Amino acid sequence: MSTVIIDAMEKGSFISKAVVDRCRENEKDISLFKPADMNILPCRSCGACEYKSPGKCVIKDDMHDILRSIAKGNILVMLTQIRFGGYSSCLKKAVDRFMNLCFPLYTVRQGHLLHPARYGEKKLIAVGAYEGDSVDQENCFVRLVENNAWNLQYEHKSIIIKFSEDIMKIKQKISAVL
Amino acid sequence: MKLSRKKILLINGSPRKKGTSASFARTIKMLAKNSGDTAEIVHAIDYFDRKKELADFYYLAAKSDVIAMIAPIYSDALPFFDIWLMEKMADEPGCDLRNKVFFAVGQCGFPDITRVEPLIDECRLFALETWMKWFGGLAYGGGAMIDGTHLENLGKEGEKLTKSFEIALENIGENKKIPSACQDLITVKIPKILYRPLAAYLNRKIKKRAKENGNAGIMKKVYLD
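These protein sequence lines are chains E and Z, in that order.
3 is the number of the first residue of the first sequence in our numbering; add one for each residue after it.
165 is the number of the first residue of the second sequence in our numbering; add one for each residue after it.
Covered stretches of chain Z (chain E as the covering partner; in silico rule of three or more C-beta atoms under 8 angstroms from a C-beta of chain E):
hint: 1; segment: 174 to 188
hint: 2; segment: 272 to 278
hint: 3; segment: 357 to 370
Note that these hints are calculated values from the structure, not bench results.
Predicted model, so just to flag it, every value in this text is computed and none were measured.
For every residue, glycine included, the Cβ atom is placed at its ideal position computed from N, Cα and C.
Put together the whole structure using the sequences plus the hints.
Structure, rendered in C-alpha cells:
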C-alpha cells in the first residue's frame with residue numbers, strides 16, 4: 003500500500019501536520035506534494051493527452067511527479083482550504099490535470115457516461131478546512147469530492163475541519179477516515 | 165420593463181479563446197448590445213498569464229453593473245485559474261463588488277447537467293462572499309459537440325441557446341433572476357438508454373482520431389512505464 007498526499011494548506015498548518023502524522027502512523031510508503039511550492043501550469047485544453055500523447059500531458063512541469071505517484075499508489079489524500087464551496091486554486095491546479103488518470107474513451111456506469119480509470123480503483127480522501135459555519139459550503143465541498151471520486155471511479159471519504167476546532171477533535175476526525 | 169442600460173462584463177473562464185465558452189460569451193455580448201447594453205469579454209487566463217494587469221480587471225469589474233462567468237468544467241468544477249481570479253477578487257480590499265449582479269454559464273461534454281452544478285455553486289458562493297447579487301446559473305451539457313462553433317451556425321441547438329441567453333438577459337435587465345425556463349430550453353435531452361450507443365460512437369471517433377495522430381496505443385499506462 004502507498005499513500006499520496008497533495009497538501010494545499012498554508013505553510014505550517016497544524017491540520018497538514020495532523021494528517022501527515024496520521025498517514026505516517028499507518029503507512030511507510032508516503033509521497034507528499036505541496037503544490038504551492040511546485041511549478042504546476044494550467045491545463046490549456048489542447049487535447050494532446052487524448053490523441054497525441056495519450057494519458058500524458060505535454061506540459062513540461064512538476065505535475066508529472068504527482069501523476070506518476072498517484073498511478074502507482076493506492077490512496078490519494080488531498081488537503082485544501084475550502085473556497086467558494088470547492089477546492090482552493092492551489093489544490094485545483096493539480097486536480098485539473100487528473101484527466102490523465104482516465105482513458106479518453108467513454109463507458110457507461112450506473113446510467114452515467116464516464117471516462118474509465120487508467121490506473122484502476124483507488125481511495126480518495128479529501129480534507130477541507132475553513133473558517134465559518136456554513137452548511138451550504140460544506141455540502142458543496144462534499145458533493146465536489148463525490149463527483150471527483152465518481153469520475154475517477156475511486157472510493158471516497160471527505161472530512162471538513164474548522165480552523166477554530168480543538169486539535170484533539172481534529173485528530174479524532176482525521177483518525178476516523180485515515 | 166428594462167430598468168436602465170447596463171454595463172456587462174463577461175469573463176471567459178476557458179483557456180481557449182475560440183472554444184464553446186467563448187462562443188457563448190460572444191452571443192451574450194451581441195444580445196446585450198442589441199438591447200442597448202454595453203458588454204465586454206475578458207479572458208481569465210490572460211490575467212493568470214500576466215498578459216493583462218489584474219488592476220485593469222478590477223477597474224473593469226468596478227465599472228460594471230453585471231458580471232458573468234462563462235466556463236467549462238475541469239475535474240467537475242471551475243478551471244483553476246478562474247478560482248484563482250475569484251480568490252483575488254474576493255481577497256482584494258480594493259475590489260468592491262457589492263450589489264453588482266453576478267450570473268454564470270457552465271458547460272461540459274457530458275449530457276448530464278448535474279455535472280455542472282459544482283461550478284454553478286462555486287459562482288453562487290463567490291457572489292455571496294463578495295456581497296454580489298446572485299441571479300442564477302445555466303448549465304449546458306453539449307459543450308464538446310459545439311466545440312466553439314458560433315451559435316448562429318448551429319441550427320436549432322444554436323437557436324435554443326440564443327433564446328435562452330436572450331430571456332436571461334431580459335430578466336437581468338428587469339432586475340430579476342434568470343428564470344428556470346432558460347435552463348429548460350438548453351437542457352440536452354438524451355434518453356439514458358442511448359448512452360451506450362453514444363459511448364460506442366464517441367469511442368470510435370476517439371480511436372480514429374488517435375490513429376490519425378499516429379497513436380493506436382491510447383490504453384497505455386504511461387505513468388507506470
